[in-house]
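Chemist: Take a look at the letters that make up each chain.
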Amino acid sequence: MNYRGPYRVRTVQKPMPEILHPEDAIIRVTRTCICGSDLHLYHGMVPDTRIGSTFGHEFTGIVEEVGPLVQNLKVGDQVLVPFNIACGKCNFCKQGLYGNCHESNPMATAVGGIFGYSHTAGGFDGGQAEYVRVPYADVGPTVIPAEMDPDDAVLLTDVVPTGYQAAEMGGIKQGDTVVIFGAGPIGIMAARCAWFFGPSRVIIIDHIDYRLEFAKNYAKCEAYNFKDMADPVVFLKKTTDWYGADVCIDCVGCEAEGNTLQTLSGRVMLMQAGAATAFQWAINSVKKGGIVSVVGVYGPPFNLAPIGNIVNKGITLRANQASVKRLLPKLIDHVMSGRLNPKGLITHRVPLEEVSDAYRLFSSKLDNCIKTVLIPSAKH
Amino acid sequence: MDADPENEPTYPMKNYTGDDHNRINYERSEQQPQTVEILMSNERPAITRVFGTTVPPSGLSGMIRRYAFQHSEDRYRHWIPLILADRINIVEGLIEDIKGGQLPNIIKERGLAMEWKYNRSGVLKKAAGVALTGVILFAILKRKK
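Listed in order, the protein sequences are those of chains A and B. Residues in the first sequence are numbered consecutively from 1, following this note's numbering. Residues in the second sequence are numbered consecutively from 381, following this note's numbering.
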């Protein structure tokens with residue numbers, strides 16, 4: 001996969017990746033997904049996205065080669081690779097913040113290294129390829145349990161941990177009402193995972209009917225289209241006895257719809273780091289003293305947000321890139337015991353060679369697309 | 381005296397160990413050799429132990445990126461030049477394609493076949509809108525002449 005500019009990708013033959021560091025591994029990719037956050041790159045929203053880059057931070061594969069210092073992996077292992085690149089040694093990794101590694105991205109300090117996610121996230125080629133270089137191979141890659149469906153495994157690299165952490169950061173308590181903005185794969189997974197924490201209601205808000213219908217069935221939650229409401233904040237106040245939700249979760253990020261000023265300034269004119277509509281609604285819909293959890297992706301510069309309301313309402317704001325490695329043991333257990341069914345999100349399987357069609361399908365939300373898996377054909 | 385170990389707003393994301401107070405004095409991996417130009421945030425004392433090597437800066441966009449990296453992530457002078465460089469890089473990519481004897485297949489690269497297959501009415505509406513705008517503009521220009 002090769003990025004050629006906004007809304008333009010194609011497949012090309014690139015040189016085989018090489019071991020560049022003694023803790024590297026080369027992985028032959030078996031499955032790779034297009035993430036909703038890849039669309040921000042595809043739409044040209046992320047600064048320092050260079051022509052010729054290969055995207056892809058959700059992938060599984062087979063270990064093809066390991067560097068001399070790699071001890072935990074061997075050639076032939078089938079692994080799932082967390083989207084964040086983590087050294088395992090810096091203070092942040094040592095404390096479980098694997099999404100905030102300090103030794104994987106020289107180009108920025110605000111974000112750790114991420115596979116295939118622009119030079120702002122380290123300039124690594126991603127997994128929408130036949131082969132990929134994986135740094136710190138002893139830390140991130142995890143051998144896939146023999147009994148696990150490979151389709152479940154690939155979704156454990158990002159979607160499931162991010163959705164789970166979104167709910168976890170919400171600090172959901174027994175009986176809470178949880179509102180999730182965005183019925184994309186992450187929002188749907190967040191809604192599903194929210195139930196693990198004992199709320200009485202889980203509500204998901206979006207503007208695309210087929211996704212709301214999917215969310216309602218998959219996550220057993222209430223689903224509402226904000227285009228059917230005069231004002232989603234008033235709707236949410238009303239449905240919570242004019243109190244506000246206990247927890248609001250932003251799973252939308254920088255390409256939100258629903259507010260003309262945010263859309264114009266953030267998406268059309270790029271005067272802010274995307275449209276912060278969902279974030280604004282989350283702050284204004286949560287109760288006083290409530291918690292707002294953010295996993296939606298925003299660009300690095302700045303956004304228009306009602307900070308005054310965060311202060312005046314005493315809101316706790318919690319946000320981070322998912323710490324995939326920290327969450328994997330628990331999530332593998334949830335999947336293996338049948339409590340989570342990640343592969344239920346997959347609606348499309350496309351050969352890697354047809355990556356441009358796959359991106360358009362997902363970006364334009366065609367054919368009721370929820371989640372697309374790309375399958376590299378070589379040697380499989 | 382009043383410190384409450386239970387009051388940890390980053391729990392459970394962060395397993396607080398106190399290591400933060402050691403700042404950057406932690407054990408590190410070996411250094412990846414630098415074989416291509418890497419632009420580094422000026423908020424760092426040194427390059428990270430690993431880094432990506434894909435698409436090093438080059439051409440006019442590369443010059444702009446080098447300028448951007450003289451400024452911290454806090455400054456517009458960092459991000460706005462990067463966005464500008466990305467746009468210039470698109471043109472550089474087209475030139476590179478043509479120089480390499482390859483005319484990019486824009487329709488295929490944009491996946492428009494999918495749009496045609498699943499959203500034909502939308503495509504037709506968009507095309508009609510563009511055509512109508514063109515006709516109106518043409519008429520206005522003609523009248524001015």
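If you're looking for bench data, these hints aren't it; they were derived computationally from the structure. Treat the hints loosely; a few may be bogus.
Claimed, not checked - Straight line, CA to CA, 30 Å or less: simulated BS3-like cross-link-like pairs of lysine-lysine:
id: 1; chain 1: A; residue 1: Lys313; chain 2: A; residue 2: Lys89
id: 2; chain 1: A; residue 1: Lys313; chain 2: A; residue 2: Lys330
id: 3; chain 1: A; residue 1: Lys173; chain 2: B; residue 2: Lys522
id: 4; chain 1: B; residue 1: Lys524; chain 2: B; residue 2: Lys505
id: 5; chain 1: A; residue 1: Lys365; chain 2: B; residue 2: Lys524
id: 6; chain 1: B; residue 1: Lys394; chain 2: A; residue 2: Lys343
Chemist: Decide, hint by hint, whether the structure agrees.
Modeler: Hints and how they fare:
1. Between Lys313 (chain A) and Lys89 (chain A) the CA atoms are separated by roughly 38 Å; this puts the pair beyond 30 Å, and the hint is violated.
2. Taken as a hint, the Lys313 (chain A) and Lys330 (chain A) pair is broken in the structure, with Cα atoms around 33 Å apart against an allowance of 30 Å.
3. For the proposed pair Lys173 (chain A) and Lys522 (chain B), the alpha carbon gap of about 67 Å is over 30 Å, so the pair is violated.
4. Straight-line distance between C-alpha atoms of Lys524 (chain B) and Lys505 (chain B) comes to about 29 Å, which keeps the hinted pair within the 30 Å bound.
5. This hinted pair does not check out: Lys365 (chain A) and Lys524 (chain B) have alpha carbons roughly 42 Å apart, beyond 30 Å.
6. Restraint check for Lys394 (chain B) and Lys343 (chain A): the C-alpha separation of about 29 Å stays at or below 30 Å, so the hint holds.
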